[in-house]
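K.L.:
Okay, here's what each chain looks like letter by letter:
Protein chains: 2
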Amino acid sequence: MKAPSSAPPQSPTEEAQEPRWLTDEEQRVWRSFMEGATLLDDHLDRQLQRDAGMPHVYYGLLVKLAEAPRRRLRMTELAMLAKITRSRLSHAIARLEKSGWVRREDCPDDKRGQFAVLTDQGYEVLRQTAPGHVEAVRQAVFDRLTPQQQKSLGEIMRIIAEGLQPTEAGADLPWLR
Amino acid sequence: MKAPSSAPPQSPTEEAQEPRWLTDEEQRVWRSFMEGATLLDDHLDRQLQRDAGMPHVYYGLLVKLAEAPRRRLRMTELAMLAKITRSRLSHAIARLEKSGWVRREDCPDDKRGQFAVLTDQGYEVLRQTAPGHVEAVRQAVFDRLTPQQQKSLGEIMRIIAEGLQPTEAGADLPWLR
DNA sequence: GGCTCCTCCTTGAACTTTAAACAAATGGCT
DNA sequence: AGCCATTTGTTTAAAGTTCAAGGAGGAGCC
Numbered sequence: 406m407k408a409p410s411s412a413p414p415q416s417p418t419e420e421a422q423e424p425r426w427l428t429d430e431e432q433r434v435w436r437s438f439m440e441g442a443t444l445l446d447d448h449l450d451r452q453l454q455r456d457a458g459m460p461h462v463y464y465g466l467l468v469k470l471a472e473a474p475r476r477r478l479r480m481t482e483l484a485m486l487a488k489i490t491r492s493r494l495s496h497a498i499a500r501l502e503k504s505g506w507v508r509r510e511d512c513p514d515d516k517r518g519q520f521a522v523l524t525d526q527g528y529e530v531l532r533q534t535a536p537g538h539v540e541a542v543r544q545a546v547f548d549r550l551t552p553q554q555q556k557s558l559g560e561i562m563r564i565i566a567e568g569l570q571p572t573e574a575g576a577d578l579p580w581l582r
Numbered sequence: 406m407k408a409p410s411s412a413p414p415q416s417p418t419e420e421a422q423e424p425r426w427l428t429d430e431e432q433r434v435w436r437s438f439m440e441g442a443t444l445l446d447d448h449l450d451r452q453l454q455r456d457a458g459m460p461h462v463y464y465g466l467l468v469k470l471a472e473a474p475r476r477r478l479r480m481t482e483l484a485m486l487a488k489i490t491r492s493r494l495s496h497a498i499a500r501l502e503k504s505g506w507v508r509r510e511d512c513p514d515d516k517r518g519q520f521a522v523l524t525d526q527g528y529e530v531l532r533q534t535a536p537g538h539v540e541a542v543r544q545a546v547f548d549r550l551t552p553q554q555q556k557s558l559g560e561i562m563r564i565i566a567e568g569l570q571p572t573e574a575g576a577d578l579p580w581l582r
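Residue numbers (this note's numbering), protein chains in the order written: chain D, 406 to 582; chain Y, 406 to 582.
Hints in this document: simulated from the structure, not taken from any laboratory.
One should not assume that every hint holds.
Identical copies carry no separate label here, and so any pair may be met within one copy or between two of them.
Straight-line C-alpha distance at most 20 Å; calculated EDC-like pairs for lysine to aspartate or glutamate [stated by the list, open to error]:
(1) Lys488 to Asp446
(2) Lys469 to Glu529
(3) Lys469 to Glu430
(4) Lys488 to Asp450
(5) Lys488 to Glu472
Here the structure is a predicted model, which means the values were calculated and not measured.
When you get a sec, could you build the whole thing from the sequences and use the hints?
P.N.:
Right under this line is the structure:
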């Protein structure tokens, strides 16, 4: 991220041309982004750990389940929706199961498959902690941005997210550029 | 984050009024944000773990050190710059020390104090991996956004970050609203 | 000096995340 | 049926993070 004073251009046949360093302005944007994102996630993590007894990611899992038909989702689908690995999800569900907020259920169609099912207790936790969480999000984000800024933020982050989705072919195929 | 169908308004004297749920549009913005931020950080984490043998946060620490006078910073100052807790920093520096990229040095003025100092080896790692990292950031972010969007992103994230800075009095004093 | 409070940083335990390896089931394909 | 590649989800260990507690030095005050 830092440009060592003056690096001379590489040989033209080298794959590594002079790196496209960030300009000062780009630097500022990038650092603001990282700082904001870090502070925000830490903030919400603490908020939820305190009020709901779980990290932000876990809370997000419960939300996805609550929105799903019959409050259940296949592990792989949940992992994709939540943008986390299956491994991470496995651990997370194990912990949420221990807390009594989620229960596993076998999939009748596919003996490999597992459903993660939101328990009534899990739904209750969500019901009780959701107001506090939305409020935290509002105070940290929406209350501070103009409608136009909110709209921009949505568009921008959607673009960034799409560029990184494993779904999008070409994203992991840089040699096709 | 999810509004259970129709919750009746609370008693007016209750502190908990009807929660200010997010509108559908706000939901979309918020989810795009979380997804984008998650995917981006995971992506850069993998990129740096692969190419530099350390997580994104650790890389950021080396960058801060590289920019500091005499390539050294007091632990507390580094923690504040990097927006992480001192505890986390302690562990992180221990690991970076083991890797030979940072070294601790006692502070002459204050016997409690410690400097984290970037070693030559640490600087070298940075020099070699910085180009690849900037490139990753460019591809994921700057190459996809218009100049106007980049500017907006900077402004927006700066606002969010400022609202969460422990520095800003009033941020932790919600009763003063 | 002695007292108290605060700051600086570390530590250890509990918890979460990652990466790699794995078993089991599925889905073609012959 | 038999075979092989893929998909599904879990497991293990190592790495990273958090939280609460604590040692030690500094700073103000009597």
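K.L.:
Give a verdict on every hint.
P.N.:
Going through the hints against the structure:
1. Taking CA atoms no more than 20 Å apart as the test, Lys488 paired with Asp446 passes in both settings, with 15 Å inside one copy and 11 Å between copies.
2. With identical chains, the CA atoms of Lys469 and Glu529 are at most 20 Å apart within one copy only, with a shortest distance of 14 Å there and 44 Å across copies.
3. When the C-alpha separation of Lys469 and Glu430 is checked against a cutoff of 20 Å, the pair qualifies only between copies, where the shortest distance is 17 Å, while the shortest distance within a copy is 38 Å.
4. Proximity of Lys488 to Asp450 under the C-alpha cut-off of 20 Å is found in both arrangements, the shortest distances being 17 Å within a copy and 14 Å between copies.
5. In the homo-oligomer, the alpha carbons of Lys488 and Glu472 lie at most 20 Å apart inside one protomer (16 Å), although the nearest pairing across protomers, at 34 Å, exceeds that limit.
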